[in-house]
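Quick mapping for you: the protein sequence lines, in order, are chains B and E. Just so we're aligned, residue 0 is where the first sequence starts under numbering that gives the first Met the number 0, counting upward by one. Just so we're aligned, residue 0 is where the second sequence starts under numbering that gives the first Met the number 0, counting upward by one.
Errors might be hidden in some of the hints.
[What the hints assert, rightly or not] Once the Cα atoms are required to be at most 25 Å apart in a straight line, the calculated SDA-like pairs of lysine to any residue come out as:
1) Lys18/B with Asp9/E
2) Lys14/B with Asp145/E
3) Lys14/B with Lys172/E
4) Lys6/E with Thr9/B
5) Lys18/B with Glu13/E
6) Lys18/B with Asp167/E
7) Lys14/B with Pro1/E
8) Lys101/B with Arg195/B
9) Lys178/B with Asp167/E
10) Lys175/B with Ala169/E
11) Lys6/E with Ala185/B
12) Lys14/B with Ser170/E
13) Lys178/B with Glu72/E
14) Lys18/B with Phe138/B
15) Lys160/E with Trp146/B
16) Lys14/B with Phe154/B
17) Lys172/E with Lys175/B
18) Lys175/B with Asp9/E
19) Lys88/E with Gln185/E
20) Lys175/B with Arg130/E
21) Lys14/B with Ser175/E
22) Lys195/E with Asp176/B
23) Lys172/E with Asp67/B
24) Lys160/E with Ala42/E
25) Lys14/B with Ser174/E
26) Lys14/B with Phe135/E
27) Lys175/B with Tyr136/E
28) Lys6/E with Ile182/B
29) Lys51/B with Thr86/B
30) Lys18/B with Phe168/E
31) Lys113/E with Glu18/E
[To be verified] Pair ranges (Cβ atoms, derived):
32) Asp176/B with Val2/E: 27 to 37 Å
33) Met47/B with Phe194/E: 36 to 46 Å
34) Phe194/E with Arg24/B: 45 to 55 Å
35) Pro38/E with Asp105/B: 41 to 51 Å
36) Ala183/B with Leu128/E: 35 to 45 Å
Since the hints were made in silico from the structure, they are not lab data. The beta carbon of each residue, even a glycine, is placed where N, CA and C say it ideally should be.
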Amino acid sequence: MIAMLPGLATIGELKAAAKEHFRARGLGGDDQCRIALLIQAIKSANAMILAKVELQALDWWAYRLLHDQYFKETEMATLLGRTARWTLNPAVYWDAARITMKLWQDGGIARHLTALFVPSHRFFEYLALSHAFMAEIRFLPLLPTTWDLTTPFLFALNEIEEENGRQIQAQIRLLKDVKAPAIAPAERERIVEEQRRIVLDLFAEFLRSMLAAA
Amino acid sequence: MPVLSYKGLDAYYEVAGDERAPLVAFVNGLTMRAGHWGPYAEALAKAGLRALTFDLFGQGMSAKPILQLDFRENEDLLIALLDRLGVEKAYICGISYGGVIVLELPIRFPERIKGIIPMSTFSELDAILERVSFNFYDDMVRGSFDMLLNWLTVYNFSPRKLAAVAADFASAKRSSAGANDLYAIQNLMESLKNFKGFTSELAAIECPALIMNGEYDALTPRHFHELLRHKIKRSRLMLIQHAYHAFSLEFPEITQRLLIDFVRQVESGRWKGDQTVWVAEDRADARPLAFPCPGDHTRCIPFPKAPGAKTPKFYSPDDSE
């Protein structure tokens, strides 16, 4: 059971507390391990969903974007694994497993594994969910701006977050430009906000558990 | 933290100064945040004025829509903020991207605007600005937010300033990247995707206007401001010496003094919006603050202006005269 942190209700407050946490404590093995496991879980889940694009006929431009993302996500999922300072603290792994389960459950990952990429309600949910993964899960803004980014772990983290900016273009273009008359603009907005909240809630839970364990 | 909920989106804002004093609202440039205007809010409050700063949708602590964002929604947001504060008429100051909002507001809402201070901005694109804007966008989406900041930095500041902050440059960029979200800035840029020049509409602006342009602004050079001066009847063009695109950040004391002086002149009925061209003194404590531009301000080569000669008119395809 994760201890509650009274007073830290919003994601903004949790981010501010995490900034202070990193500033005061640096980035130790436990935290590197937590970050690596969260990002691996997200990238792996996204890669699993994207894998089906290789078996499915799509317009060229959409195929190109999603195909590129599939391979990039597979690469990114491994980067931190090779640079993190792995901890011997078993509680970190229990906690990571709990957060990964929350990701699969709240994000409805299993539902997206088999559904085809067609302009449907579910496809928009997937696009909004994966947009939020890349837009909302950002660690660099939480770290002191004076830290040296050439150390292996931070170099990989920076690489991943910069790559997210490039890969998110697939989600942006598909969310904005795919014609799906059955999904009204207001419904698209609702889907985007709903999926964003799922990811923010996941990130909040991650930060809460990291801070509670410190 | 004051927040206005507008059409389901939260907008972050701050107000400083006496609530009975004339209010100046500050509109951010593309990657700015309300906090950048902090020293202006402080200076205005000290001068007996009131300042409103806020983050546009897509910036800083305001909501960041993911799907479409209409450029005019940020103009509507500012009017909603004035409504929230119970301010009937206000002065509007903004730079670059925010300067376009400043120029459109008195056309759309003339009854709400007392005066405008557009800085480093434009009412139409020329072939270079169109290409540069595309390059900014393209480098950001295909490269990184960092690449956008690299470009903006070299346009924004003087070599002296860049040399002085060289040691902190990487840290400052990370701070900006941390406070911004690529997708949200992209959305703000895409809100201008169908931008059409509105130079011919500037003649509808009746309120006083202090137009400011840096001496060496290569991003939005002189001719964009010259168009504004020609079209806005009660305007003056103020050139800021030694300045580049983001002079409000590099020379805040000079800019603040010019701004405060403009508001005081308008409030006391002394403002002469005679479409003349002025050069600001390069010391914030200088008296007077500015002197009439002695040469041809449209040229980089300092040709003297012949006595009685009219300023050469800049060609604009949008120009109906």
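Do the hints match the structure? See the list:
1. For the hint pairing lysine 18/B with aspartate 9/E, the CA-to-CA distance comes to about 23 Å; that is within 25 Å, so the pair holds.
2. For a cut-off of 25 Å, the pair hint linking lysine 14/B to aspartate 145/E stands: about 22 Å separates their Cα positions.
3. Simply put, lysine 14/B and lysine 172/E have alpha-carbon atoms about 19 Å apart, close enough for the 25 Å limit, and the pair holds.
4. The hinted pair formed by lysine 6/E and threonine 9/B meets the criterion: a straight-line CA distance of about 21 Å does not exceed 25 Å.
5. For the proposed pair lysine 18/B and glutamate 13/E, the alpha carbon gap of about 23 Å is at most 25 Å, so the pair holds.
6. The hinted pair formed by lysine 18/B and aspartate 167/E meets the criterion: a straight-line CA distance of about 20 Å does not exceed 25 Å.
7. Distance hint between lysine 14/B and proline 1/E is fulfilled; the C-alpha atoms sit about 19 Å from each other, no more than 25 Å.
8. A C-alpha spacing of about 15 Å is found between lysine 101/B and arginine 195/B, which places the hinted pair at or below 25 Å, so the restraint holds.
9. The suggested pairing of lysine 178/B with aspartate 167/E is violated, with an alpha-carbon distance near 46 Å, which exceeds 25 Å.
10. For the proposed pair lysine 175/B and alanine 169/E, the alpha carbon gap of about 33 Å is over 25 Å, so the pair is violated.
11. Proposed proximity of lysine 6/E and alanine 185/B is supported: the alpha carbons are some 12 Å apart, at most 25 Å.
12. About 19 Å separates the Cα atoms of lysine 14/B and serine 170/E, which keeps this hinted pair within 25 Å; it holds.
13. The straight-line distance between the Cα atoms of lysine 178/B and glutamate 72/E is roughly 24 Å, inside the 25 Å bound, and the hint therefore holds.
14. As the CA atoms of lysine 18/B and phenylalanine 138/B are separated by approximately 9 Å, the hinted pair is consistent with the 25 Å bound.
15. Proposed proximity of lysine 160/E and tryptophan 146/B is supported: the alpha carbons are some 23 Å apart, at most 25 Å.
16. Our distance criterion of 25 Å between C-alpha atoms is met by lysine 14/B and phenylalanine 154/B, whose separation comes to about 21 Å.
17. As the CA atoms of lysine 172/E and lysine 175/B are separated by approximately 29 Å, the hinted pair breaks the 25 Å bound.
18. Simply put, lysine 175/B and aspartate 9/E have alpha-carbon atoms about 22 Å apart, close enough for the 25 Å limit, and the pair holds.
19. Of the supplied pair hints, the one linking lysine 88/E and glutamine 185/E is violated, its CA atoms being roughly 32 Å apart against a limit of 25 Å.
20. Distance restraint check for lysine 175/B and arginine 130/E: the Cα-Cα separation of roughly 23 Å lies within the 25 Å cut-off, and the hinted pair is therefore satisfied.
21. Note on lysine 14/B and serine 175/E: the hinted pairing holds, with a Cα-Cα distance of about 16 Å set against a maximum of 25 Å.
22. With a C-alpha separation of about 21 Å, the suggested pairing of lysine 195/E with aspartate 176/B holds against the 25 Å cut-off.
23. A hinted pair counts as satisfied when its Cα atoms are at most 25 Å apart, and lysine 172/E with aspartate 67/B does not qualify at roughly 28 Å.
24. About 22 Å separates the Cα atoms of lysine 160/E and alanine 42/E, which keeps this hinted pair within 25 Å; it holds.
25. Our distance criterion of 25 Å between C-alpha atoms is met by lysine 14/B and serine 174/E, whose separation comes to about 14 Å.
26. Among the hinted pairs, lysine 14/B with phenylalanine 135/E is inconsistent with the structure: their alpha-carbon atoms are about 29 Å apart, more than 25 Å.
27. Restraint check for lysine 175/B and tyrosine 136/E: satisfied, since their Cα atoms lie roughly 17 Å apart, inside the 25 Å limit.
28. Distance restraint check for lysine 6/E and isoleucine 182/B: the Cα-Cα separation of roughly 20 Å lies within the 25 Å cut-off, and the hinted pair is therefore satisfied.
29. A C-alpha spacing of about 34 Å is found between lysine 51/B and threonine 86/B, which places the hinted pair above 25 Å, so the restraint is violated.
30. Restraint check for lysine 18/B and phenylalanine 168/E: the C-alpha separation of about 21 Å stays at or below 25 Å, so the hint holds.
31. For the hint linking lysine 113/E to glutamate 18/E, the alpha-carbon distance of about 16 Å falls within 25 Å, and the restraint holds.
32. Separation of aspartate 176/B from valine 2/E is about 31 Å and conforms to the stated range, judged on CB atoms against 27 to 37 Å.
33. For methionine 47/B paired with phenylalanine 194/E, a C-beta distance near 41 Å keeps the hint of 36 to 46 Å intact.
34. With their beta carbons about 47 Å apart, phenylalanine 194/E and arginine 24/B fall inside the hinted range of 45 to 55 Å.
35. Our hint of 41 to 51 Å for proline 38/E and aspartate 105/B holds, since their Cβ atoms are close to 44 Å apart.
36. For alanine 183/B and leucine 128/E, the Cβ-Cβ distance of about 36 Å falls inside the hinted range of 35 to 45 Å, so the restraint holds.
In summary, the structure is inconsistent with hints 9, 10, 17, 19, 23, 26, 29 from the numbered list given earlier, while agreeing with the others.
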